[in-house]
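**Q** Here is how the chains run, residue by residue.
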Amino acid sequence: MNLLHQLIEIGARLSPGGTHSTTFDRGETLLARVGDVVVKAHPTGTDPAALHRRLATTERLGDILLPYLPIDGAPILQREGRLITAWPAGTPVDPDEPALAPWEQAAELLAALHRSPVPADLPRPGDTARVGRALDALPDSPATPVIRAAASTLPDWARGGPITAAGPRRALVHGDWHLGQLITFPELGWRLIDIDDLGVGDPLWDLARPAALFAAGIHDPADWQRFLHRYASLNPVINPDDPWAELELPARALLVQYAATAVRHAHRELRELDEVEVAFVEACQRVFDGGRDRSDVKSA
Amino acid sequence: MSQGVRCPKCPGTMRVYNRSGIHIDQCDQCRGVFLDYGELEALSQAEQQYHQAAPPPPPPPPPAPGYAAPGPGWGVQQPHYSGHYGGHHKRKGFGHFLFSS
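Chains A and B supply the protein sequences, listed in that same order. Every letter in the first sequence is one number past the one before it in our numbering, and letter 250, counting from 1, is 250. Every letter in the second sequence is one number past the one before it in our numbering, and letter 25, counting from 1, is 1025.
Don't read these hints as lab results, they were simulated from the structure. Glycine included, each C-beta is placed from N, C-alpha and C at the ideal position. Do not rely on the hints blindly, as some may be mistaken.
[Stated by the list, open to error] Quick list of the computed label-pair ranges, beta carbon to beta carbon:
id, chain 1, residue 1, chain 2, residue 2, range
1, A, ALA112, B, GLN1052, 37 to 47 angstroms
2, A, ARG169, B, PRO1070, 46 to 56 angstroms
3, A, ASP289, B, GLN1052, 32 to 42 angstroms
4, A, ALA49, B, PRO1070, 54 to 64 angstroms
5, B, LEU1043, A, SER233, 54 to 64 angstroms
6, A, PRO139, B, PRO1070, 55 to 65 angstroms
7, B, HIS1051, A, ALA112, 34 to 44 angstroms
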């Protein structure tokens, strides 16, 4: 029985009578929805102890993070060498309806997460490591030199290198926060999902993903301002009227990650870059144009 | 004209006023005005200069929420924020892969 069938079988046990409706193959991660349950195979190499601690955090912060569903009484199963977890299936933000995106609720959940007690037992978040992985997986393409040039303006630690000094801000952070990480339930409202990168780190890196998307021209400026001001009103770790001194570096790193990921997707699907993906590459070009004279290049 | 001169239209007395370097003789009763030689031209010139001079720039209006949001140096430039080509990308959706970074 292959991995997908294993996930469907587990889902059918947790959601009796439910049928397998959707499969999400996200490269590193495989998910299957069965009835009102989503079963997830975590990336190869996921640390089970760290995943246990992250799952326990969802139980502790159930008003913010979606709590997992135990499988046969256990938080994690192992199948085909992969760690398996199960989750209630909710309704995600509709990617085709940006105007309906719940920016205020998103800001409220993220601020609540960042203001929650900092757990002693969580590892670093996966944010900077994801930048490094995206660059490692960047295939050759016409856009690749531009993306690598933009990446060369980043300090090593911001693209997955070792972090030698603790930053000025320390909080429980999501590590891969974006609008796709919100789902809603009729009785509960919105919750954050996908805790694979949860950890103790700099909360501004969670803000920097929407910041990068705004700066690249993807998110509407009014939405970005609404989100940023709502967040800062609840967790004043950033000045919403002058955020870029703090956000520029993480947003630049995540722009590079977005661009590298976009090229990898297009390459895998044997297609040209779409409009959004081109916007990332264009922004990388501007990073490089502006970064050639910058004195902080490569300083870490 | 000097002070003490009679108004040509009424029994009033002409008074001299200095307005921006131009002498204006005005009757203290009927308010009639007499201009010396060249004073009309001086007034016309002053009027032209007034209209040609760039008016003081009005204070910039407070930005509409969001639409003048500053960004990093590499961000999409402000004139594009209204959604024209090359600026903020007005499209139907967010771009699906953004939801699965």
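**Q** Identify every previously stated hint that the structure contradicts and give their numbers, smallest first.
**A** 1, 2, 4, 6 and 7
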